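Number of protein chains: 2
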Amino acid sequence: MKDAAAGKRSQLTSKGRAMRERIIQAAADLMFQGGAQQTSLDEVKADAGASKSQLYHYFADKDELLKSVIEFQGRRVIDAEQPELGEIHSIVTLKRWRNKIVRLADAFGRIGGCPIGSLANELSAHDEILREALGLQLDEWARQIEHGLAKIKSNGNLSRDIDPRKLSLTFLTAIQGGLLLAKVSRSTHALEAALDQLIEFVEVQSPGQRQIGR
Amino acid sequence: MKDAAAGKRSQLTSKGRAMRERIIQAAADLMFQGGAQQTSLDEVKADAGASKSQLYHYFADKDELLKSVIEFQGRRVIDAEQPELGEIHSIVTLKRWRNKIVRLADAFGRIGGCPIGSLANELSAHDEILREALGLQLDEWARQIEHGLAKIKSNGNLSRDIDPRKLSLTFLTAIQGGLLLAKVSRSTHALEAALDQLIEFVEVQSPGQRQIGR
Chain G
1 MKDAAAGKRS QLTSKGRAMR ERIIQAAADL MFQGGAQQTS LDEVKADAGA SKSQLYHYFA
61 DKDELLKSVI EFQGRRVIDA EQPELGEIHS IVTLKRWRNK IVRLADAFGR IGGCPIGSLA
121 NELSAHDEIL REALGLQLDE WARQIEHGLA KIKSNGNLSR DIDPRKLSLT FLTAIQGGLL
181 LAKVSRSTHA LEAALDQLIE FVEVQSPGQR QIGR
Chain Y
1 MKDAAAGKRS QLTSKGRAMR ERIIQAAADL MFQGGAQQTS LDEVKADAGA SKSQLYHYFA
61 DKDELLKSVI EFQGRRVIDA EQPELGEIHS IVTLKRWRNK IVRLADAFGR IGGCPIGSLA
121 NELSAHDEIL REALGLQLDE WARQIEHGLA KIKSNGNLSR DIDPRKLSLT FLTAIQGGLL
181 LAKVSRSTHA LEAALDQLIE FVEVQSPGQR QIGR
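Heads up: the sequence lines are chains G and Y, in that order.
Be aware that the first sequence starts at 1, since it is given in our numbering, and climbs by one per residue.
Be aware that the second sequence starts at 1, since it is given in our numbering, and climbs by one per residue.
What the hints contain is simulated information worked out from the structure, not anything from laboratory work.
No experiment lies behind these values; they were computed from the predicted model shown.
Mixed in with the good hints, there may be bad ones.
Because identical chains share one entry, a pair is satisfied inside a single copy or across any pair of copies.
Derived BS3-like pairs (lysine-lysine); straight-line CA-CA distance at most 27 angstroms [to be verified]:
id, residue 1, residue 2
1, 62, 15
2, 62, 45
3, 95, 45
4, 153, 100
5, 166, 153
6, 95, 151
7, 100, 151
8, 45, 100
9, 52, 151
10, 100, 166
Using the sequences and the hints given, assemble the complete structure.
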């Protein structure tokens, strides 16, 4: 499926690419609001202003569209956290990223939760190819968090006992769980509590903090 | 809806209660496997061995059944963590609870994730009454974690700087996020990393640990 889709994409004209993107975006938005399985191709078609033949020209079936939506939402979530996510190198910049996540959750997550987490919850048991596509997006997110934490460590502000990989997974689970609780409670309270708790733990153990007597 | 349902329940014979429970359990299992919205009342009926009139005798509509399924799964998840969850009073018993969660996730969560978390993800945006029912179950779970953490603190093994409420929400988000990642990766790796990271943080800051020179 992957190679065929990539091959098809490279042959598209710029107009074709724009229509393809419009279909993916319409599907992503509908699915974020109403769930992936509840969203029909007819609704996607109508929202994107595409004809049936256009839709099937770009996507052989709903699973192929779903895979593109997963990639689109994964990129969208990680892009939305920039530049803060990519700039993590100290406790101060870690807190800036925390604030960005909470702002995004406050604006979008209190109803729909995490765009990629919600898809992951809904589709992981449904299809192996989609499950793998979801895993790739979540891995990339964890990798970018880990990269920032490793920079804090190499700058001497993260305890030597802390493994950036393990801590990145802890942050990612806290974000995913926090966004799920945001969806249930319509509040970012638990997300903020979890991120603040993690940052406090990191701070207390920070070599810099120890030097100034904590 | 709540009062009517409770009133109806109190009038049931023991045979009626057993049938009602059988319907709820069949619905819970089908929804855990295939999603709440994808599960039809016809499938529930068939799996429970109930007639259509029995089903509608106990539940006015699918939303009333969903509310009962939420309560059932919330109890089931919290009960499954016993006795370890209720016995938390020290770092050692906290670790025993961690092991129980990982064992449960390994047995059930790698395909379906968290029974209550999956419902929360699917239904929170769908209906206000269901969203509130989901919130009550997650609140009760957090409350029981908090209760254990408060006992660790009153036993002098949790840093005075740590708020058991805030830490309980951090654990709950890590569990929810960890179970979501378990569903995507078919592995408890991220769940274990997050729980271990949190327990390590708690241990490093434990007054007991400090006394013995860490």
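Which hints, by number, does the structure contradict? 3, 8 and 9
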